[in-house]
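A.B. asks: Take these sequences, add in the hints, and give me the full structure.
Quick note on numbering: my numbering labels position 97 of the sequence shown as 562, and the sequence is numbered without any gaps.
Just so you know, the hints here were simulated from the structure itself, not pulled from any lab data. Please note that the accuracy of each hint is not assured.
[What the hints assert, rightly or not] Straight-line C-alpha distance at most 30 Å; calculated DSBU-like pairs for lysine-lysine:
1. LYS527 <-> LYS538
2. LYS549 <-> LYS527
3. LYS506 <-> LYS527
4. LYS549 <-> LYS506
[As the list claims (entries may be wrong)] Okay, the calculated beta carbon distance ranges per label pair:
5. GLY564 <-> LEU474: 38 to 46 Å
6. TYR516 <-> GLN476: 33 to 41 Å
7. HIS495 <-> SER581: 35 to 43 Å
8. GLY505 <-> SER580: 12 to 20 Å
9. LEU474 <-> SER565: 36 to 44 Å
10. GLY566 <-> GLY473: 33 to 41 Å
Ideal Cβ positions, reconstructed from N, Cα and C, are used throughout, including at glycine.
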Amino acid sequence: QLVEAGGGLVQAWGSLRLACVASGSISSMHSMAWYRQAPGKQRELVANIIYGGTTNYADSVKGLFTISTDNAKNTVYLQMNRMKPEDTAVYSCNARPWGSGVTNYWGQGTQVTVSS
Numbered sequence: 466q467l468v469e470a471g472g473g474l475v476q477a478w479g480s481l482r483l484a485c486v487a488s489g490s491i492s493s494m495h496s497m498a499w500y501r502q503a504p505g506k507q508r509e510l511v512a513n514i515i516y517g518g519t520t521n522y523a524d525s526v527k528g529l530f531t532i533s534t535d536n537a538k539n540t541v542y543l544q545m546n547r548m549k550p551e552d553t554a555v556y557s558c559n560a561r562p563w564g565s566g567v568t569n570y571w572g573q574g575t576q577v578t579v580s581s
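C.D. replies: Below, the structure is given as structure tokens:
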């Protein structure tokens, strides 16, 4: 089970930090990720962190957002800085186990709204 927290309303150029707490060990996962889906748009990968620490970011958030983990707390974070109205979306946490054809785990999502 994944539970997100930290969403809300923020003004443009502001910051938010999202947290995703897992009921199990995230260090045993292949990767942890944050996705977002804006109204009328497809879900997109925002950032992920792969076993061993490699991180990847969508071009639109590089240098602005940072994904990190605290394995002791089974928590993955998304620090979002200098936010823009186009960052408005439902942000969801994802956990991908090792192996092919396995079922990913998803959180329920948290709304992030950036006002101009």
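A.B. asks: So which of those numbered hints doesn't the model satisfy?
C.D. replies: Violated: none.
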